[in-house]
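Participant: Now for the letters of each chain:
There are 6 protein chains.
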Amino acid sequence: MKKNYMPTDALVSPRFCGIKTFMRTPYVTDLEDVDVAVIGVPFDTATTYRTGARFGPAAIRDMSTTVRPYNIDMEINSFEHINVVDCGDMDIIPGYIEDTYEIIERECAKILDAGAVPICLGGDHSITLGELRAAAKKHGPLAFVHFDSHTDTVSSYFGKDYCHGTPFFHAIKEGLIDPAHSIQVGMRGNLYEPNGFKDSEDLGIEVITAKEMHQIGIEETARRIVKRIGDKKTFLTFDIDFVDPAYAPGTGTIEIGGFSSHETMELINGVKDLNVVAFDLVEVAPMYDPTQITAFLAANIVHDFIAMVARKRK
Amino acid sequence: MKKNYMPTDALVSPRFCGIKTFMRTPYVTDLEDVDVAVIGVPFDTATTYRTGARFGPAAIRDMSTTVRPYNIDMEINSFEHINVVDCGDMDIIPGYIEDTYEIIERECAKILDAGAVPICLGGDHSITLGELRAAAKKHGPLAFVHFDSHTDTVSSYFGKDYCHGTPFFHAIKEGLIDPAHSIQVGMRGNLYEPNGFKDSEDLGIEVITAKEMHQIGIEETARRIVKRIGDKKTFLTFDIDFVDPAYAPGTGTIEIGGFSSHETMELINGVKDLNVVAFDLVEVAPMYDPTQITAFLAANIVHDFIAMVARKRK
Amino acid sequence: MKKNYMPTDALVSPRFCGIKTFMRTPYVTDLEDVDVAVIGVPFDTATTYRTGARFGPAAIRDMSTTVRPYNIDMEINSFEHINVVDCGDMDIIPGYIEDTYEIIERECAKILDAGAVPICLGGDHSITLGELRAAAKKHGPLAFVHFDSHTDTVSSYFGKDYCHGTPFFHAIKEGLIDPAHSIQVGMRGNLYEPNGFKDSEDLGIEVITAKEMHQIGIEETARRIVKRIGDKKTFLTFDIDFVDPAYAPGTGTIEIGGFSSHETMELINGVKDLNVVAFDLVEVAPMYDPTQITAFLAANIVHDFIAMVARKRK
Amino acid sequence: MKKNYMPTDALVSPRFCGIKTFMRTPYVTDLEDVDVAVIGVPFDTATTYRTGARFGPAAIRDMSTTVRPYNIDMEINSFEHINVVDCGDMDIIPGYIEDTYEIIERECAKILDAGAVPICLGGDHSITLGELRAAAKKHGPLAFVHFDSHTDTVSSYFGKDYCHGTPFFHAIKEGLIDPAHSIQVGMRGNLYEPNGFKDSEDLGIEVITAKEMHQIGIEETARRIVKRIGDKKTFLTFDIDFVDPAYAPGTGTIEIGGFSSHETMELINGVKDLNVVAFDLVEVAPMYDPTQITAFLAANIVHDFIAMVARKRK
Amino acid sequence: MKKNYMPTDALVSPRFCGIKTFMRTPYVTDLEDVDVAVIGVPFDTATTYRTGARFGPAAIRDMSTTVRPYNIDMEINSFEHINVVDCGDMDIIPGYIEDTYEIIERECAKILDAGAVPICLGGDHSITLGELRAAAKKHGPLAFVHFDSHTDTVSSYFGKDYCHGTPFFHAIKEGLIDPAHSIQVGMRGNLYEPNGFKDSEDLGIEVITAKEMHQIGIEETARRIVKRIGDKKTFLTFDIDFVDPAYAPGTGTIEIGGFSSHETMELINGVKDLNVVAFDLVEVAPMYDPTQITAFLAANIVHDFIAMVARKRK
Amino acid sequence: MKKNYMPTDALVSPRFCGIKTFMRTPYVTDLEDVDVAVIGVPFDTATTYRTGARFGPAAIRDMSTTVRPYNIDMEINSFEHINVVDCGDMDIIPGYIEDTYEIIERECAKILDAGAVPICLGGDHSITLGELRAAAKKHGPLAFVHFDSHTDTVSSYFGKDYCHGTPFFHAIKEGLIDPAHSIQVGMRGNLYEPNGFKDSEDLGIEVITAKEMHQIGIEETARRIVKRIGDKKTFLTFDIDFVDPAYAPGTGTIEIGGFSSHETMELINGVKDLNVVAFDLVEVAPMYDPTQITAFLAANIVHDFIAMVARKRK
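Residue numbers (my numbering), protein chains in the order written: chain A, 9 to 322; chain B, 9 to 322; chain C, 9 to 322; chain D, 9 to 322; chain E, 9 to 322; chain F, 9 to 322.
Just so you know, the hints here were simulated from the structure itself, not pulled from any lab data.
Remember, identical chains collapse to one label, so a pair may be satisfied in a single copy or spanning two.
Keeping only pairs whose Cα atoms sit at most 27 Å apart, straight-line, the calculated DSS-like set for lysine-lysine is:
id : residue 1 : residue 2
1  : K219      : K320
2  : K145      : K235
3  : K219      : K235
4  : K206      : K168
5  : K280      : K219
6  : K219      : K322
7  : K320      : K10
8  : K146      : K280
9  : K181      : K118
10 : K241      : K320
11 : K322      : K206
12 : K118      : K168
Please work from the sequences and hints to get the whole structure.
Facilitator: Structure, rendered in structure tokens:
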């Protein structure tokens, strides 16, 4: 008999009550009948500026308890259609990037093999490479949608291959994503080199800068993403610093000139019918989020990711 | 002889000097010759998520001292035309909602009976029901303008009638407001049920969602409010979570995708000629406002409410 | 077959990983074979000053993950001898004290009836009355050890019987505790009346003030407690404001002149062989605990409570 | 008929209610029948390190509302014996030290001439010179008790006479205090010169360093102060940085190795029968006091000052 | 041989490493071959509300380390074309405005006489008068671009000529700036008098209010500035409270209804070809900037100022 | 001619002025004639709980500017006798422990080879292993004094050799320190195993637990350290979590029941004549230090370390 997992009802149990799982969905490690597995990856060893994203998953869970289940923009109560669970956190190894990549790949593979969609809560952006390795092993090279203010396609920092500024250089080199169906959105901030964004373009990825996006608007941006991706199996990664620091201060490497929470949610809504097989939301650093607005926004974005799966699977 | 109450002059007495009353108006409990009575209702017992709004009135007063008297948008120095005083706080009873409703109703009645317009500083949104009881007893069923991200028209939570999510269900049921001249503006966030906003509509209240408002713009929103209300005697309630958490983080139940302070002030300006007989500003929770921007915004909104009275009474 | 519950091993899974239960013990609601049930009571409606203790259980759990299992002062790894679980939070009703008392009594009764010792994480101090009702129903009138800076034996506030300043007046009146074997320790701060502490003494409770305790020392204080209690079945309640605000700022009603964390732990160690059938730790308010030292201290105290049970039951 | 001023009763009006005056005493500017006038001096222009003490008076008032009226250490409810009022703040001139000195002197003179004892809430320590000028004009050269971690007897900083490090050099030079009956207690921290404390001794003031005080204990320290002062008319100034930063972080120039709140209150208790004609409490800087423990301690100290007057005048 | 100063390379030395100079440029006091001299003026004595801007230069330097050298909007890596150094801070005299003006004038003169462009980091806005005296002595009366929410053209406060609300009244009176080529942009907030902005206009300065700017847009605003200034030698002063407090909370006197960081950077870009001979960026107060977004924005603005010089001088 | 380095004079240049080097000593990279080289090691990759110590060196420097040069406890103005400089930070590689060890060893060797005493500012405690390698290469196996609440002698975590809980296991195994002249002081907190402290003892190191130290007192503790060490060349490492979190909250892994700042300084004073050839002060994490008391305490401790060298070398 199919299992039926539901979040706690906030009209019965106040939202501040109970063990903090994502939106108070059940904490489940047996993946049978699971459609979406939210899982934390509390790893921030690869951070090049302000650390603290290891506490991101806990902070997102804390504020997720106040998100209500009917998703008004997506027009669905996902939990009535699919089984969403919280698998807890991966036991990553702080201080050791490559060992952690193996753990991430193994844990994601379990979720994917069970037929579920993983939504990883970071952690710093380095973790996405581990997730991509698992997803590409399962599905082959993936289309790739990347919301961020940084391209993260530098080849190395300080003479080292792996940090949170390099994962997508390696993802391309390892053949995990298909550049022809890849797009990076929201890029801004100053650069180390004049050709900063060209790095990505040289790798074959389309780039929509923040400047361009401010000019063409949210709707047109969404259209370009959809056009670039088509109906390919897609990996969607969301770095919270895509959002302007006024709306999301709680992250390691802020960049001014970003987007409001309203624009962000409109944009996600505009790509809601993409065929996403794995998501992540990274770089929430709660020590820089004294008012918890960043964690709450992150929880809402993850709620939208869940709805994207529910719309496909219902 | 008519009394003449003036706020302290900040060109003589620095803004950080003196006992903290609203805009350093006199602390007065005898209501003779008073046009506007600002009064605190430091009650947060009915809060369903983050508490702390009991310290809202003090926080608003603190930051109000830096608001200057000539209201540039409203084109008036209200204090030259009407008597504005701070009546201090009501002695509410923490932990006891229904007893507190009686106190609120009694204290508001005193102000209304003295011919003054009350501006209540919350406190959580439950307090508005007490204020409405007093105002409707004085003036009959009122037109109703409600700025918020939540409708607060749920019938009950946890099996209980009264909390900060239910006041307007009861206000309708008790006949305190006239749904045909009632409007709720800024509604957003996810819901418990698909028909969340329909609850209000079923009660006969017009709803302008945040989504709609982002589309039609501030001016058109103001026009619809004015059209809905006409020249009826009106109760205006403002929940600070109408504003986006980037601009107003210091509140109990934030919702993303809200409005900027500029949009907020434009909207209030657009309805400045409504015939408002009682106001409140609720849900400022200073422990989530480390930079005091929420309290300062709230003080500016109250300053606009005062100007609305001054424009009518001058 | 007897169940065997163990906390997560921090040498394998980093302390910041995983769903936040108390010391990462299993989240369990079936009480079979359970020796100690840690359970949250996130209720702060009865608070007379700074609210926020509803977030106390979550904050204590967060910091408890960094407490290691071998209790050096108590000379025991409790988890090797008894089963300790986290039962999550009670679904209290915010805003409604008496209804919540019924819920607390019912939930504690379940734990006691299963043969386990409840350790309730507050929440404000009002909750202890509900716990005492359950414990006295099970065990008869109890000996009572109370660490606090306030006696909480006022008969009423604002004309109302129940708030966090009154539970022990009612506990005596309801016959839940045996005054002849009751003692309050750490009392200090200014008072409403000269006979403030005499209130307690008139009720038959022994009082050791902070002033006295600073004079006689920790060891003698412990001796007096042990002498007063003897081997009676005991309820132990610990208000975190017993500790000096330098060591525990994160609480609603601080009092200067309190005790260090070292003195506090020494004192608990001195009463470690009392026969305690139910514990609580109340009044942790994390919004006033920016450095998390209060929540961490609270977690250590609860760890000692667990050890007290383990020493008895092993 | 003699006036009778009483603070608000916290068993009727919750402590967080009402306009924030010191301990919710009446805000009164007519000094007839007043015994103690609490008055703010929100001046921090003379600060040499972290500014912000201009918000000190407001912060102390905020937390004073939770101090209860019966002073247990002093064994008196002062308010039943003497009239205590809050006179608000002096309209000092930010940026202008010498002009402000004139204002302070004038405002203090008014209080002294009305036969009341002024308790000034700073503001930085420079303000004490203005107070001393008024007090010495009234009473002649005064005995002087100074709790602080710094002597504040440097002759000049940056080539300028006046800052918060110099007031007592000038007080001696102007003949405002009688060195033979003056004592500085708690001195510590590193120095600009080896003879740092000798500066004070050369001026004729007795100095008890923190090191010495840690050795001889609180009681002996109190004895020495009493011996030095005798029954002379005394000015008592208390810089909150006397207290260790663990207990009082919210100040501009912290020094480690200080005293606990318990030790501080014991020491004040030990000098409670001094004949003090004017007090101040300075250097509370609330931006460095996120948990409000400094402001609360300051309010308790001022409460003790009031009790010292009440014990004399009752 | 010409010197060649370069900032530290962040691909070699992590951005959080090293002594904190502006963008990790060399700390240099010999001005030979220097094109841009960044220098701190940590003076906040003239502040009329929240103090703390004396820590502004340090906060801006801290966050400037994470700004990358290629300025994408300005399309230049300034450091490859001009020599930019950090000269440290001026040794201002806290508490003494007029003495400090002399120091500022002298220090700025040194930079100007060396042929470099000074970029002063405030400090409160009073400091600009000292800078203008030096710049006008060097270059004659200057064109003047002023971004702010306040005109700072009041003639006096509290009977005193100098504070951070008066510098530009005096600059006009002293003939330091040429009103016919002066413009103030972003003015908003309530006023002391109806004719508040008219003060400036009476002095001959053009004013673009925030209200107007919200209507005409960024591009048109930039056009008007350029038209007003032409190719005159210009002084550009930027008060961080020009920006909305959601984007820049860390300042002394916030005003709602301001501009986003995106709009701010667009506007600066629109005036990038002005012939600016001296810049400042004032009023960053880090104690109100817990997430450091204000300091980071300020650093980016200064980076743009550097680029404006580089574009002219390359 | 011998160089003569002096810190900036705070009676001339206010303490908040200037580039932030340790106590405003010169930033110098040429080590000729240098006696003490303060150098930052901003590495926190090896942290097992709360990250952020990478910002420790900057925070300590910021607060060190308010430490005055005459060290009253040590009875010396060190700067009049020896040359103390700030060498900036080592360019460690975030995310890579073993590569960083090489950098630390190389940089420390440079200082030692120049005849100077290095004082490293951490960074997490893992860095000490790199320092010890350099020091032992220079001086042979060293005597070792370790102030901390943790022994940091675990052999591995998560299957990995290196993290901040393991450095001294490896130091012993590598023969860098001489166990017979090694001592760990302040050990406390719960443990993973009953024999937690025995681990160290098995390695041959003497351990004084916090419990023991609270019993025997500071003086006796100092005596035991001196007895254990004798006149051997010594490495002294100070983990700020030795101090109680009330006095030093700003660190990654707090333990209750620690020592006051007064006790800490007394203890250091008691060992002031040890022959220390290298020091470090680690684990200051400023994001958990909102009032800066931890960083200020750390700066004072480093000031004492400097004095220990000055007393030897003068």
